[in-house]
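Starting from the known structure of chain A, arrange chain B on it as the hints suggest.
Top line first, the protein sequences correspond to chains A and B.
The first sequence: position 233 = 251 (this note's numbering), numbered continuously.
The second sequence: position 60 = 491 (this note's numbering), numbered continuously.
Source of the hints: derived by calculation from the structure; they are not laboratory data.
Every residue gets a Cβ at the ideal spot worked out from N, C-alpha and C, and that includes glycine.
Don't take each hint at face value.
Partial selection, computed: residues in chain A whose CB lies under 7 Å from chain B [what the hints assert, rightly or not]:
id : residue
1  : Gly69
2  : Lys229
3  : Pro277
4  : Val282
Each chain, written out:
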Amino acid sequence: MKKLVYLAMLLMGLLVLFSGCQKEETTGEAQPGKEKIKPRWTIGMSQCNLGEPWRVQMNLDIKNEAAKHPEIRVVFKDAQNDSLRQRAQIEEFINMGVDLLIVSPKEAAPLTPPVAAAYDRGIPVIVLDRRVLGDKYTCFIGADNKRIGRAVGEWVVKRLGGKGKVVELKGLMTSTPGQERHSGFREGIKGSEIEVIFEADMKWLEPEARKEMESALARFRRIDLVYAHNDPGAHGAYLAAKAAGREKEIIFVGIDGLPHEGQVYVQQGILEASFEYPTGGKEAIQVALEILNGQKVPREIKLPSRVFTRENIDRGGEWLEDQKGEERK
Amino acid sequence: MAEGKETKARLSRWRLVFQSPTTRALAALAFVILLGIIFNADQAFFKWDTHRDMLRQISVFGILACGMTLVIITAGIDLSVGSVLGLTAVLFSLFSLQLHWPPYLAVAATLLAGLLCGVASGGLVAYFRIQPFIATLAMMVFARGMAKWVSGGQKISTAILQPDGTYVYQEVPAFFNFLNSKILAGNIAVVTLIFFFCIGLSWLVLAKLRWGRYIYAIGGNEEAARLSGIPVIATKLLTYGLSGFFCAVAGICQAAQELQGDPEAGLTYELTAIAIVVIGGTNLMGGRGGIGLTFIGAITIGYLEKVLSINAVGEASRLMLTGIIIIGAVLFQKFRQ
Chain A
19 MKKLVYLAML LMGLLVLFSG CQKEETTGEA QPGKEKIKPR WTIGMSQCNL
69 GEPWRVQMNL DIKNEAAKHP EIRVVFKDAQ NDSLRQRAQI EEFINMGVDL
119 LIVSPKEAAP LTPPVAAAYD RGIPVIVLDR RVLGDKYTCF IGADNKRIGR
169 AVGEWVVKRL GGKGKVVELK GLMTSTPGQE RHSGFREGIK GSEIEVIFEA
219 DMKWLEPEAR KEMESALARF RRIDLVYAHN DPGAHGAYLA AKAAGREKEI
269 IFVGIDGLPH EGQVYVQQGI LEASFEYPTG GKEAIQVALE ILNGQKVPRE
319 IKLPSRVFTR ENIDRGGEWL EDQKGEERK
Chain B
432 MAEGKETKAR LSRWRLVFQS PTTRALAALA FVILLGIIFN ADQAFFKWDT
482 HRDMLRQISV FGILACGMTL VIITAGIDLS VGSVLGLTAV LFSLFSLQLH
532 WPPYLAVAAT LLAGLLCGVA SGGLVAYFRI QPFIATLAMM VFARGMAKWV
582 SGGQKISTAI LQPDGTYVYQ EVPAFFNFLN SKILAGNIAV VTLIFFFCIG
632 LSWLVLAKLR WGRYIYAIGG NEEAARLSGI PVIATKLLTY GLSGFFCAVA
682 GICQAAQELQ GDPEAGLTYE LTAIAIVVIG GTNLMGGRGG IGLTFIGAIT
732 IGYLEKVLSI NAVGEASRLM LTGIIIIGAV LFQKFRQ
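Okay, chain A solo, but in the shape it has when bound (with noise of 0.2 Å):
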């Protein structure tokens, strides 16, 4: 009786879960009050973990973007930052015989060969952000973060007028794109009077970085400006500063530029720029449209990326210096 009550209960519990996580899954299906168009095309998009505010916006930016298009219909798939999740997600969009994947992977080396088995049955494959080994796949799209990195040096060594006393809060170092912003920045400020007085891994997190930021402020009398990996180190750092009374006198800069964050930030006067590290979301399913189309796609697009000053927030932000011209229309 015991086992029937618990089991009933589980059963219960499971249903609602279902009826209320499955809606979102997919897009361009039968929207009420319109017209209903059968989609051409199904896409399945295979995200490597959600758990990222980033990458959320990601499948946001191609979801908006694939309502426009009611000829295509979007799959999502979350591998939960697990590599052999993700590889057995993309065998499924295989089997299930998808037109079009779009693959932001997880790591290189354990998603190559599923990437290339789709690629040998003749899907097309776009990859999103990181990056598959072997050439095996129709398009990359991807922001470079060393270059992002160096353009906030440059930005820095600008600001403070070619000399000042730093504190870079990093991302996990054991990433790639924690090391990238890491080493793009150390060059963009080579040559200044730039000095990187106290630096910490808070590994991308709020709490951490306001944590480290609290013992920088405890040792150091001056700073002049930080520099944290992502927007939400930076904003974590501005919140120490401000509980010691400090935040009017040091500078505060991030990188992402989500919409809802580090745009956020600037326009509320916490940080003084945030650089855009694009998703591509949006330009994932203008390509996947022109490949499905049958046009002829670049093997490799590298996005530009922006910065959201103060000044130039309520215009959309300003375009990278050395990256004027580079935008997809």
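Chain B in isolation, oriented as in the chain A frame:
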């Protein structure tokens, strides 16, 4: 001859003091503080700000450890504390930042949600006799999923999405700012006081209420406790429920400090909470330990992190050192036998 006897008596008294778990926990704390005094990072360790910030940083973990202590004394474990913290942080932000509920209502609803999560794990443990490790593991996964579902995977902040795709940001409610502030001339953070309050509440439960004696009895020998008429099921339900309640308190503090509800908040916090309890000297086998020990454990872990942080020790060495010091402290505790 008489003198010799006296020395012996004094010696054994000393041994008794030395053998008490509190002394041993304090010794570990003293060691970490000594490290801080030696590696003081240009005198940064001697500023009150450093200690105040340490107390603030450890508060959320300490609040989780309060509930964890009670559960561990019943010979259980609560792996869900981090996830429930995430869920309640999201709920609290949703209620107060986006639905604009008044603080008392938002707090009450959030605490209720935490309590329910705890009672649910407690029910699985007490009624269905599922092992605490498994039951709370399930709750850990479930609550994390729920946090993501409720929030849609995004952080719940003061930025409100408008129909045209732009964001409008609002003022942070006064209650958030209050929780995130420092009082007594800026000398102590409000969340630290909440942590002290939780310690006090747990002490009250463990030392002054009949419920506390039941908790120790169940942890010591559950079967004997049942046979002697102790309401085992009710006690367990209440204990896990209280742990969930503390998670909600911690979740509110977390949300107030971050000015947002992050569905990923509290990831791996359960491990820190367990480490705090164990470093304090509470026995994982149940039946022994106390909240005072947990308080010392929390401060020890807090100082350890602070010393490593002000010296800007690299991540790799930091993790290794933390591991070594935790093991050192626990081994030191074990020498008692």
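*Have a go at the Val282/A hint: is there a Cβ in chain B nearer than 7 Å to its own Cβ?*
holds (4 Å)
*Using 7 Å as the Cβ threshold, decide whether Pro277/A counts as touching chain B.*
Holds, about 6 Å.
*asked:* Given a cut of 7 Å on the nearest C-beta pair, is the interface hint for Lys229/A held or broken against chain B?
replied: holds (5 Å)
*Closer than 7 Å between Cβ atoms is the bar; does Gly69/A clear it against chain B? Give me holds or violated.*
holds (6 Å)
This entry satisfies every hint, going by the numbered hints stated previously.
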